[in-house]
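Enquirer: For this one, chain A is given, so just place chain B on it according to the hints.
Protein chains: 2
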Amino acid sequence: MQIKDLGEFGTIDIINKLISSNRASSGSVSQSARNILVDTGDDTAAWSPYETIELITTDTVVQGIHFTLDTISWHDLGWKSLAANISDIASMGGSPSYAVITLGLPGTTDISDIKELYRGIFAISDQYGVSIIGGDMVKAKEAFITIALTGSIHKTPLMRTTASPGDLIAVSGYIGNSAGGLKLIQESPVVSEEASQYLIKMHQQPIPQVSSGRLILDYGLTTAMDISDGLSDDLSKLCLASGVSATLHLDQIPIHILLKSTFPNEYINLALYGGEDYHILFTGTHDKVAQIITKMPDGAAIIGEITHGVPGQVTLVYQNGDQIVSSRKGWDHFN
Amino acid sequence: MQIKDLGEFGTIDIINKLISSNRASSGSVSQSARNILVDTGDDTAAWSPYETIELITTDTVVQGIHFTLDTISWHDLGWKSLAANISDIASMGGSPSYAVITLGLPGTTDISDIKELYRGIFAISDQYGVSIIGGDMVKAKEAFITIALTGSIHKTPLMRTTASPGDLIAVSGYIGNSAGGLKLIQESPVVSEEASQYLIKMHQQPIPQVSSGRLILDYGLTTAMDISDGLSDDLSKLCLASGVSATLHLDQIPIHILLKSTFPNEYINLALYGGEDYHILFTGTHDKVAQIITKMPDGAAIIGEITHGVPGQVTLVYQNGDQIVSSRKGWDHFN
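Note that the protein sequences, when read in sequence, are chains A and B. If you use the numbering used here, the first sequence closes out at 352, no skipped numbers anywhere. If you use the numbering used here, the second sequence closes out at 352, no skipped numbers anywhere.
Chain A extracted, bound-state conformation (with noise of 0.2 Å):
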């Protein structure tokens, strides 16, 4: 059965069942879900904020830019278009609570991929505790999903703009599985078992960084982002928003060991320029960036200082001592 089939209003309808559905079903009530008062199915959807300060955030996948339906399930579009938004709350420290969800297809878009859409979005929506409250469907040639979503905090967010020279930097997790395991869906080369899985699910499944965030906000530091774009061109935006430069040392970024074993010669460029780690890249004191990376536990890791310099510059120092200033080479899609 396809879109046309049951037309905008019964495939609407067939979401909001499914909404409905899973809701009742998660075995605990997420907060967000208890200050409904308005749900999806209305002009708008309503809620109660229970702290003070509230987030808003967007981002959008466009088949055919971002994702393509080869190298990616319908379940993993799901997961994947709610992640980098919940990622992007995690980066300011805050905690995820509401989704709306628009769905740009072709009107011979299968009903059962829509269900799948959303089993890989209640996946994640589900662990992180984000109600899904409302949302938009739009016929489009070429498949995109838009989330809007928003989060709480009960103390001023983390910013790109207050890196200060001195701060160390830092990441919250190992950097470039993604793009590694994008490389393996698209080259196929032989790899072990063990590596493809674990590559390939850090591209299609990635796991923003909620605890982490937090951590970093309630440690008392001021500046993070989310590592979306690479992590040399995000790092050199965070300089760029804080008026600083940074020195990037390439020995210390930390690397997980399939990525190394599997990518030799490749590793630390999927790490600069692969994107879409979701990891949190933040800066602060030495002693406070020193007592926060051993509580996270997925390969945090200092990896640079921030410097006075040409705003926005990053200068990447090698093993062997050499040193060279960055340029982009991320993901710009206009380019």
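Don't take every hint at face value.
Where chains are identical, the list cannot tell them apart; a pair therefore holds if satisfied intra-copy or between any two copies.
Claimed, not checked - Within a straight-line C-alpha distance of at most 25 Å, the following computed BS3-like cross-link-like pairs (lysine-lysine) qualify: (1) Lys21 / Lys158; (2) Lys158 / Lys218; (3) Lys254 / Lys132; (4) Lys172 / Lys312; (5) Lys158 / Lys277; (6) Lys305 / Lys254; (7) Lys34 / Lys254; (8) Lys254 / Lys21; (9) Lys34 / Lys277; (10) Lys158 / Lys172.
Note that these hints are calculated values from the structure, not bench results.
Expert: Below, chain B alone, put in the same frame as chain A:
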């Protein structure tokens, strides 16, 4: 200059500067702007809520489906995209506050067109006190604009689910003007300059009914929705959500004199099935509805009654007493 010349980040930079300079130049600073903690440009935007119930809605327009650039300017496309969202907040009785705007655009889009689009967005956001605090930009073959808009409200929102048999049905103003305007654009018949200007403006720059929504809420009514897909279909949806039927008196639908004179044989169909009126459809007791419509200056009228019967069924009553059961003819983009 086109998007591909500046790239994603260069273009986003221009948009962020447009937003900042518009905010700085707005004469009066809205409540929502005063509450911003993290503005556009970071991973996520943040604000302090100033009322106890928060609302969120989202609405998308796609090129070739909802609009073509032959029939609407970039400026008016911006206006209308945000208007549709504001209308959804208005239909709950709420006040709009924060918007995040996603642009899906081809690389060959002119930067000047994006500026024009934002001028249209600012024209309406300034008027309604909406703060633009973020968004996303992605490459897409067919252009689309997705907006997520939050709002706030001081008591239980107006919903679609609470209409009761015996309620009167009313609308906040003239119906069918937007469809009349579209017909003029598409068919270019010879009509008066006055009619042409008025109807085309109603199509391209519709006016969300925030004050009317608030009035309905303040009078203690509970049931409303906005008219976006056509009066007949939207009334049917409201009835379905409430488990009731409705009787709609065609000669009571408020029709503007310029619509009637321009389309003497078609104005009722334009009103019933045209859509995009963005007036509010609401129900309630005789006394309250009769009082409220006198406070709405733009042609508000009582148009029918809620009845017991098949949920979602709408009976159309002609001036001569003939009755037919309406079937859905409004917008379902997949059929």
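Enquirer: Taking the numbered hints from earlier one at a time, note which ones the structure violates and give those numbers from smallest to largest.
Expert: Numbers 2, 5, 9, 10, in rising order.
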